[in-house]
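Novice: Here's the letter readout for the chains.
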Amino acid sequence: MDNLEFANHFLEPRRYGNIIRDLNPLNRLNIFLVLGLSVFFVSKYQYGFFMVVLLFLIAALAGRLKNYLSVYWKIMLLFGLFLFCVKAAFSPGVHMIFQLWGIHVSIESIQSGLSLISKVLSFSGVVVLFVQTTEWEDFTYALEQIGVPHTVSFVILSSFQTISDLGQSANVIMDSQKARGIETDGNLWKRAKAYIPVMGPLVINAVSGVEEKSIAMDARAFSAPVQNSFLIELPKVTVKEKAFVILIDVLFVALVVGRIALWLL
Amino acid sequence: MAFIELKDVTYTYPLMKEPALKNISYTFEKGKFYGIIGENAGGKTTLCNLLRGLIPHFYKGKLRGETIVNGEDIKKVNIDLLSTQIGYVFQNPFTQISGVKKSVFEEIAIGLENLGVPKQEIIDKVLNIAKLVNIEHLLQNDPNALSGGQRQRVAFASVIAMDMDAFVIDEPTSQLDPEGTAGIFEIIHMLKEQGKTVILVEHKIDLLAQYADEMLVMHKGEIIAGGPTKEVLSDISLMEKGAMLPHTVLLNHELNQKNIYLDHVPVTKDDCIRQLRTRMSS
Amino acid sequence: MKKWNKLTIFLLPIGIAVNVVGGQLAIMLKLPVYLDSIGTFIVGSTCGILPGLIVAVLTQLLNSITLPTNLLYIEIGMLFAVLAHFFAKYERFKSIPRTVVNGIIAACMSTALAVPTTAFLLGGFVGTGASVIVTALMASGWSVLPATFVSELVTETMDKVIVMIIVFFILRAIPDRLLVKLPNARFFIKDMDEED
Chain A
64 MDNLEFANHF LEPRRYGNII RDLNPLNRLN IFLVLGLSVF FVSKYQYGFF MVVLLFLIAA
124 LAGRLKNYLS VYWKIMLLFG LFLFCVKAAF SPGVHMIFQL WGIHVSIESI QSGLSLISKV
184 LSFSGVVVLF VQTTEWEDFT YALEQIGVPH TVSFVILSSF QTISDLGQSA NVIMDSQKAR
244 GIETDGNLWK RAKAYIPVMG PLVINAVSGV EEKSIAMDAR AFSAPVQNSF LIELPKVTVK
304 EKAFVILIDV LFVALVVGRI ALWLL
Chain B
59 MAFIELKDVT YTYPLMKEPA LKNISYTFEK GKFYGIIGEN AGGKTTLCNL LRGLIPHFYK
119 GKLRGETIVN GEDIKKVNID LLSTQIGYVF QNPFTQISGV KKSVFEEIAI GLENLGVPKQ
179 EIIDKVLNIA KLVNIEHLLQ NDPNALSGGQ RQRVAFASVI AMDMDAFVID EPTSQLDPEG
239 TAGIFEIIHM LKEQGKTVIL VEHKIDLLAQ YADEMLVMHK GEIIAGGPTK EVLSDISLME
299 KGAMLPHTVL LNHELNQKNI YLDHVPVTKD DCIRQLRTRM SS
Chain C
4 MKKWNKLTIF LLPIGIAVNV VGGQLAIMLK LPVYLDSIGT FIVGSTCGIL PGLIVAVLTQ
64 LLNSITLPTN LLYIEIGMLF AVLAHFFAKY ERFKSIPRTV VNGIIAACMS TALAVPTTAF
124 LLGGFVGTGA SVIVTALMAS GWSVLPATFV SELVTETMDK VIVMIIVFFI LRAIPDRLLV
184 KLPNARFFIK DMDEED
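Protein chains in written order, with my numbering: chain A, 64 to 328; chain B, 59 to 340; chain C, 4 to 199.
Calculated from the structure, these hints are not laboratory results.
None of the hints are false.
Think about it this way: if two alpha-carbon atoms lie no more than 20 Å apart in a straight line, the pair counts; the simulated EDC-like pairs of lysine to aspartate or glutamate are: (1) B/LYS177 <-> A/ASP201; (2) B/LYS183 <-> A/ASP65; (3) B/LYS160 <-> B/GLU194.
Here are a few chain B residues that face chain A, going by a calculated C-beta distance under 10 Å: (4) ASN107; (5) ASN150; (6) LYS159.
Predicted model, so just to flag it, every value in this text is computed and none were measured.
C-beta atoms are modelled at their ideal positions from N, C-alpha and C, and glycine is treated no differently.
Given the sequences, and given the hints that come with them, work out the whole structure.
Specialist: This is the structure in structure tokens:
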């Protein structure tokens, strides 16, 4: 792509050509949160597992199934399998199925396990899916559109870059430590001793650079008392999208109200 | 017309006993190109911080005397507004990259976005400045993966693109090769031609001698010499105070000791060659 | 809203990154402690409660990207932000012994906050090293509440004492000329003259 072509693509609002990823990030967050929170208001654990399946479908629809799975499998293992086992083994119950030392599996404990992991899995899925379908700069753009100051965008986006910068420096320092004969594996004490020479300089360097960073961003009119413009924009939200989000929200409120009414009556 | 006037300014950083600037008086006119030279830790960067309003607004500390920017006392100036009037580029290229943009194009655009420049205009300006600073080939690259020299040019371009009336530039070529340095000087010269005020701290004295209208020499927090470039740089005694002088001035000094005298002290290469030619042919 | 200290804004991403990278490094070196709150304590002590809270909350949100159950413990990071400010205010970062006591205080309070969540919401399971202790205790007949409490208190105390000692050294290494420009400078530098 030549520079002119590259420059001109900024003129058009950014589109991904995908029904899920082209939703406004805040609307997507809204829809996903409703899906994730709804499991806490439906008592049947089958609904939670239905949600887990639904999230897989949405991930596939967004063309993000692979990325979604690459994060989600750990959660399935940790909270799907292990958490279920712990719950099933130790929760109290009357109808015993299996008992050994402190472990006592019962129908009730299995049910409470299923109920818990269905909720944890679906809510976790929503969080992972949102992250996997959203570019952070689009998210901060959407925030600025509803009046969040652009310092917030800076803090969010800068955090990611700083994490990657510090992570890289940490690796560089670790390698040089190894080269100087400081062990980074071996027994616990040796590994613990390696931590401080890596973290110390890393933090001090990062903190010391903050003064110049502030001056540099100031030179870019970071706190200029004017309304800033945007080089990259997202498409305007369509009426259809707006209507859909409102519908989802209304359904959710109805669910919550219904649930509370059931408790009270 | 006076742009910045310093009247007997003394400044001490917080927690420090010794002042970093001592009894400084100088008037910076609009549309001129000023070069600042002097030994390290002589107060050059502190002076830049003052001219840019970072002293006293950001650095606090004790500021005595008067500093008048555009007719207003610097203590009362809104520093956020000042940041839209005076551009500032400094030495360290690593802290000057924002770290929040994915391409050099977007990086250069930040300042323009913050000034509220319309999109089409941003695009035109970025393309222009990239050509000027010779970083067109980097526009689509990740700004966080550039070399020191590349970052320095991107940082320079990012501030110059904002098209302000005045620029304070503190050693913008520390990471550049001679070719890159010459390019930066040409751009700074062009800014001056456009009527902008430029205040530049540099070690590359030969280039300063060629372009600067006036020179200031700093030593231990004081301005020990200031005025038209030729006059200031002709003073060989500045060497003793740690100032670098153009090679041609040193050559002239050597010649003088052998009782060879030129018409006047040559501060640029061209002038020196011309004078030597005339002399040899006579 | 009061105008933000400019340096504080740029310290926030650093605080968040220090939390995350510090935690990652502890995992990489297979240490039995988390060490993922160093940034919160540094920003909280030098910049105040609100910046500390922002660092704590954003860190926890970032951590929840890969482990969403972290969201359940968001209030604990917030507790550290508040503690950091008051530790600085009452000069509790001035010596190693005080620093160690800080760690114990922080650990006790955070355990008190974390145990109900872990024990009742997650049945003792947090998906970290502490879970191993809990599971072992429960298998040998302990009930979920004391098992969670003991395991959390042990890991938290180790973690927070080490974190505090690291924070102590980092705070001492931050140059005064930088510290003096931060909101909590008065807690660290005594002979500040306030003129101009």
